[in-house]
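K.L.:
Construct all of the structure, not just a fragment, from the sequences and the given hints.
Below are the chains, spelled out letter by letter.
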Amino acid sequence: MTVMSVSRLRRLPRAFVFGAAILIASVIVATFPSAFAPYDPLAMDYVNLLAPPSAAHPFGTDNFGRDVLSRVIHAYTIDMQIALFATLFPFIFGTIVGAIVGYVGGVTESIFGRVVDAVITFPFLVLVIAIVSVLGPGLINMYIAIGVVGWVFYARIIAAEVKVQKRLDYADAGRAMGYTHARIVFRHLLPNAITPAVVYWMTDMALAILLGSSLGYLGLGAQPPAAEWGVQIADGKNFMATAWWISVFPGFAIVLTGLGFSLLGDGLAEILRGRK
Amino acid sequence: QERGGVMTYGRYADSMFLDPVLNDANVDIWILSNMYDTLLLPTDDGQSVQAGLATDWNVSDDGLTVTLTMRDGIMFSDGTPITTEDVIWSLDRARNPDNGIWNFLLAAVSEVTAPDDKTIEIKLAQPDPAILPALSVFNAAIMPKAAFEAMPGETDLEKATAFAEKPVGSGPFVFDSWERGSTLKLVKNEHYWADGADGQKLPYLDGVTFEVIPDDATRILRVQSGELDGAELIPFARVKELQDDPNINMELFPSTRVADIIINVRPELDGEPNPLSDVKVRQAMNYAANKDAIIQVVTFGVGTPTSSFMSSTTPLHTGDGPVFPYDLEKAKQLMSESGYPDGFTASILTLAGNQDELGIATALQQMWSQIGITLEIQQVDNATRTEQYRNGTFDMRAGAWTNDIADPNQITSYFAYSPTIDALHSGWKSEEVDKLFEESQSELDTDKRAEQYARIQEVFNQEGPTVLLYETPYPVALQDNVKGFNQIPLGNNIFRETYLEKE
Amino acid sequence: MTEPILSVRNLTATFGQGASALRAVNEVSFDVMPGEVLGLVGESGSGKSVTLRSLLRLLPVGGHVGGSVSWHGKDIVRMTDAELRAVRGGQISMIFQEPMTALNPVLPVRVQIEENLRAHTQLDRKGRNARAKELMDLVGIPDSARRLDEFPHQFSGGMRQRVMIAIALASDPKLLLADEPTTALDVTIQDQILNLILDLRDELAMSVVLVTHDLGVVAATCDRMAVMYAGRIVEEGDVTQVFAQPRHAYTRGLLGSIPQAGTERSMLLSIDGTPPGLAAIPQGCAFNPRCDFATDICRRTRPHLTGDGHRAACHNSDAVIAAGSPVKKALSHV
Amino acid sequence: MSDTLLSAQDVSKDFAFGRSLLDVVKGAPIKAVHALNGVSLDVKRGETLGIVGESGCGKSTLARCLVRLHDCDGGRVVYDGTDIATLSGADRRAFNTKVQMIFQDPYSSLNPRMTVRQILSEALRVHNMRPKVEIDARIAELLDLVRLPQDAADRLPHAFSGGQRQRIGIARALAVEPEVLVADELVSALDVSVQAQVVNLLLELQDRLSLTVVFVAHDLRLVRHISHRVAVMYLGKVVEVAPTETLFKAPKHPYTQALLAAAPEVDPTRRTRRVAAKGELPSPINLPSGCLFHTRCPHAFDRCVSDVPQLTPRRPGHVAACHLPDPELP
Amino acid sequence: MSMTAFLGRRLLQLVPTLIFILIVVFVLVRLLPGDPASAVLGDRALDADVERINRELGLDRSLPVQFVAFVKQVFTGNLGNSISMKIPVTQLIADRLPITMLLTFMAAVIAVVMAVPLAFVAALRRDRLEDSAIRGAFQVGLSMPVFYVGLILLTVFGAKLRWFPVGGYGDGFLDHLYHLFLPAVTLALSLSAILMRNLRSAIIGVVDAEYVTFARAKGLRANLILFRHILRNALISTLALFGLSIGTLLGGAVITETVFAVPGAGRLMVDSIYGRDYPVVQGLTIALAVLVSVTFLLTDILQAWLDPRVTK
Ligand SMILES: Nc1ncnc2c1ncn2[C@@H]1O[C@H](COP(=O)(O)OP(=O)(O)OP(=O)(O)O)[C@@H](O)[C@H]1O
Ligand SMILES: Nc1ncnc2c1ncn2[C@@H]1O[C@H](COP(=O)(O)OP(=O)(O)OP(=O)(O)O)[C@@H](O)[C@H]1O
Ligand SMILES: [Mg+2]
Ligand SMILES: [Mg+2]
Ligand code: NI
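Protein sequences appear in the order of chains A, B, C, D and E.
Counting in the numbering used here, the first sequence runs without a single skipped number right up to 276 at its last residue.
Counting in the numbering used here, the second sequence runs without a single skipped number right up to 503 at its last residue.
Counting in the numbering used here, the third sequence runs without a single skipped number right up to 334 at its last residue.
Counting in the numbering used here, the fourth sequence runs without a single skipped number right up to 330 at its last residue.
Counting in the numbering used here, the fifth sequence runs without a single skipped number right up to 312 at its last residue.
No lab work stands behind these hints, which were simulated from the structure alone.
Don't be surprised by glycine CBs; every beta carbon is placed ideally from N, CA and C.
One or more of the hints may lead you astray.
A few chain E residues facing chain C, derived, Cβ under 8 Å [stated by the list, open to error]:
id, residue
1, V207
2, G219
3, L226
4, H229
5, N233
P.N.:
Take a look at the structure:
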């Protein structure tokens, strides 16, 4: 890292730096879980059921005798995936729709308004549960279910922001230059309108992990034997009194990752606000 | 025994419909007998019958007539006497093929009559060795005809719906109030006929309040905090912990509950040849399944390996010790002899959110991977699973069974006898078993019937469409002062002799 | 000669702490005489608003005021919060450039006037109501009784500015601080508001500090003026004197930038470059990189504000005086 | 230099309020801001036409109609003999290159996420102004033209001061080699000293490139300084048009007179304490009848309330819309 | 625009929303695999029974026919009978929706009570220790799965300390409030975190607003400035967010109600989805939609009251 980039790093908000550090570490762990995990996360050890934390198993073992630490580490892969994939489609699709709705306005906007109303009127979790039940459980279907609902929130944010940007002179300047609508929307307005959506995205990723764990609790999320924090916590629920380590450590992981995302989001918001 | 007091009992789910005939599920079945009395009652061990509203019973030698003598002075909880008319009407309603799903239990009955006002005569179209237990099943409960028919509505269903809002029966308890999803209150039936062993009138309790607490952990917490006197369906994981709790009496009531894996054995699935149709494969899977480990992991030692597809508490059960003791070598051997020496991939349906089934599947996933079978776990909700099950489009599913009647015929007709539901919708069929079962259905000679059942179990256990796992008791946590509560092997919660000991 | 009512000495305003602290206002000193209108001019960012706000210690979070502001023998910079509250809005009032943002959008005008009366007068409820109406009439808002219950967004720009003035006048202040009160307004409305302020000054015998960047406004309303550049006062004096004979090159440049009648479509006498940022104020005279008169000394040492009555901080005052006032030239041209 | 290049002919423009379903059900009348109410104006080749008026009188709306950022609701805008509303496709793009607009707000008129080079090359590319290889050279040329340093090309707008940004805006407009520049409040957001720089630049460019300029502003001194002719607008109407000197020396419309009187003089020795115009601009939603100015006019008489005055010639090249032939200066 | 016209418009907007929801939910429940009869009857039912019962329920008719029948029913205020419980859906809703409403309402109140003062402290002590501590604590609250938080609260405050009952709903209004306190806290956690964040930045945005400076220039007391000028303006944007979160809050009630054994509508909804109890799912969705819409309306009114510009 060059001197300059170090000094620039120092000027970034503290929240941003911490958040980014947590997430970069998380992504590394998620990418190479085997490099960090001491055991095979699926290996069962019937003589070592529910062993408390020890040198051999720093986070103890679960009711199958599986190493909790290794499972928490391997869960990074799935949970970071959930964070990304459950939000990526809503982000992209919502952004595109929102940009168009915000730019065109008028009737499109009224119709969109009703769609938003309908979606936010419907209890989110219930809708997701219903959709997952239609499609069947599993991560992909969970992504689809979250996506079907989630894009609306991005679209709302983007539409509102595009409407603001649209009124600024540079949008008119583009039109006065004879540029096409598509160019004005996607080349000019969108890059300027997208920041609140990106900030929301960060929060949303943390929420996606949480939602994933709620669905895991209901058996609708990640499927076993894959380790996923929510599923692990749900698994450990019956052992809160006797083997707290099964649920507490994955709980830490969720909190830490959530913290990473929201710090990053806060920091990002601060940077972007500062630039304005 | 001490009298009085109200017992609060925590259940995992609320009842849905308190009609003995039209109800559908265990949440209703298991408590109905507290409100509705039957002519005969199951014994505490669930193996045979004892006197109920009828004091004497007799099956004619040809097995075609059952004669019962009604108890004297019995009345419904509203004080109206129970007449033979009520009995005839109730049994006719229960056996009407248009009513509910339990009428098959009384399918052999052709006519119910009352020669005099103390006697009930039941005529059978063909002999039925299970007719006495059938009269002790919830759907044969005796209901007040007049009160029922006075209900608003045109159809039986409409009347039943109105009636079940505030049901009247002759069981030890009477319906008092019901907040759906939360509490169901029963109070003592002042008109109940039975006396306890101490000669006092039953029931001892003033009432029973059922509280619905779907979350296992919360249910246990409520017992531990003393807010509940008892709670059902304690997760096995917590049994040990509660056994160690000095204030709590952790009961494990013997049950007819068996857990297994149901395998679709149709030769083709989705147009592909189905490896599971190969009996060697199934045997290999049975051998490779380490039941002790599963019992340890899933039931935390509470369960015992099944020795037959039916539980050891079922009449005419045979066998002892696991049918397929864990033997990986043998399993590998069998696999290599099968049509699929290199293994295959198959999926298993488990109920979303059900930790037991998930545990079984997770353990099997690992165990079977050693004989080359890749198991994909699919957690689905009940309706989805039932649909796939019914359509026969599943590979495997986790299954559990509890008898409703103190006779092996119910479980066998579902498990082994193909005309009922295709042997657990598995597509399995054995001419021999079908024939034996049909014969046993009207076989009055107990020994002969036992032989028939022994053979059915032998065939099914060896070749059947299941991986046999374990049987488990009913885990019920009770406060130390709760005495005389019983959950019989059929699942019924019996409060009539329950009392709360005062210090 | 009368005593000044407000006397500012070495006023400094800093933002931030330690090494990254920025000085937005640097050792500014001036007096305000009773009944006079003092104009504070300068380009955007020169520190006019910060100076004005520092007088009442109204800087946003992170701002710090130094120096002294003496008001009736007391130093505002060192007053306790309670004392300060009595001065703020009581003896010294302030109005802002953008009435839409300076009036609380969610409160009716009545509340916004009343809270000021409640803070600074002994009037009872009825008295406050009557006074509020009186104030609305005073600033020329027709139908005042009804309009008191309206919200700021229901007023036009000019009316809003009148409302803000009414609020500021609520407790008969002796000094009115006005931060570009007419910049957001149309000429005809600006003309009305400026005249209103002058009328009120006469009626209520108060002094006014008027911040503006429009030399036209200064010429039309102020008695004395101070020109700010990069956080400092560079020239100060009687308005007529300064216009007729600017002594600082920057003042001269400003005057020259204004189009004059009779010079149509000719090049304006502009100042090259842009004002410096606070973080990079040039050495010596802050104006030297943009100055046509700059000499070596300008690049080395900072000039002090010198002179009597008409003061300027310029090493080359003489040269500037010699070059003459661009306005004069224009005027003589007509 | 008297041939008309661009003209507005009886242009009107309304901005309707959103009508809710409920309004429709209730049959409430359609409410609209009447931003332009029949504006007629010619812009001659090579001249600078100044347009002045108070805030909200429709200056910007008119400017936008001239470059077809708005489509007018009534009347038409004719450029070089063709009604611009009929243009579409390639013709429309060609028109866009010929008539360019520069904007008021130096902060919002540039896309904050595009470098100067991107902004300029986009304009050049979309309109195929230069072959690809020459684009960099052309950008250098343009920067030179507006007096920006060459290293400005690769910086983002936030790195520039307001005056510099306005130059970038001018460069962007000039990139497509227009004939007409419509400048809406080009310098009103700038400091006086910087204002002067930009005004000087505009004057210079106009000479060099023989541009026609429509200069919209509310600053009378500025308009006077750079315009050949000046049009005064009030409530969406042109009330007076005259050569600059004439207009400032001998205004014929009472509104023009009030406007001139209200503007403070840069001479402290010539103060007045008389209020130039009473009252405020009426709401453009409910326009006054007759002469729009009658509510504030010191000379108003009954005809002003009932009849709409037309623009009538007063002197050569000087028209005004007032019922009085020669209202006295107040 | 007057307040009545504003309300009228909002009510009219509700109509298409409800129709849209009606269609979506009708189609969605029928897309769910499985049918009501087999869902209710479970594994033991015979095929003939299943068919018979589905026929009795009218599920053998074509979808459009069913939909028309359904819409007719809805307009007569009859939402049909529950398939599993056999009783009228309206009765079920009347029994159980108020519980969820009370729970959500309490959660909303608790969320506001937790968020507002702490947002103030965090905003006014921005970037100091207090700020970091408050934001960190809320973050933890936000990141914890609801079922986990619920269980911890139950264990600690219910079973261990005995301050609160371990789940259930109780008898009588005050007892209800007492029983619902812990679940409401659980439900409120994530909402309060979101509100706190939003309000904190809104306050930071408002603190430097010109009208706050003007208020200070008037010599007002700090408290007056804080409450009258800062809080009220900051609340406006937070209020909108709050309204939007009601749907999410109701959704969160599903899990909370399960953990705390509260017999509310959320649990009923999920049970009914699993039980393929079409009439209950449909009826409950409509009821929830109306409820949420009314909440939106209320927040709109509140917002219009806080911010006179809104009705414009
Ligand atoms: N809160 C603040 N934090 C840091 N710097 C500030 C703050 N407020 C003002 N400044 C800086 O102080 C300097 C003076 O600002 P000030 O607002 O007094 O200028 P001004 O002369 O009033 O300009 P304008 O004509 O634009 O109102 C500017 O450089 C500005 O960036
Ligand atoms: N897009 C729009 N939607 C609705 N009303 C508009 C729109 N644009 C302008 N108006 C209204 O049209 C009228 C004329 O506005 P315009 O911007 O043309 O005035 P202007 O003379 O340029 O004023 P300013 O000096 O403030 O720029 C105003 O009342 C304005 O509110
Ligand atoms: Mg300022
Ligand atoms: Mg304009
Ligand atoms: Ni209680």
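K.L.:
Indicate, hint by hint, whether the structure satisfies it.
P.N.:
Status of the hints after comparison with the structure:
{"no.": "1", "hint": "V207", "in the structure": "holds, 7 Å"}
{"no.": "2", "hint": "G219", "in the structure": "holds, 4 Å"}
{"no.": "3", "hint": "L226", "in the structure": "violated, 13 Å"}
{"no.": "4", "hint": "H229", "in the structure": "holds, 6 Å"}
{"no.": "5", "hint": "N233", "in the structure": "holds, 6 Å"}
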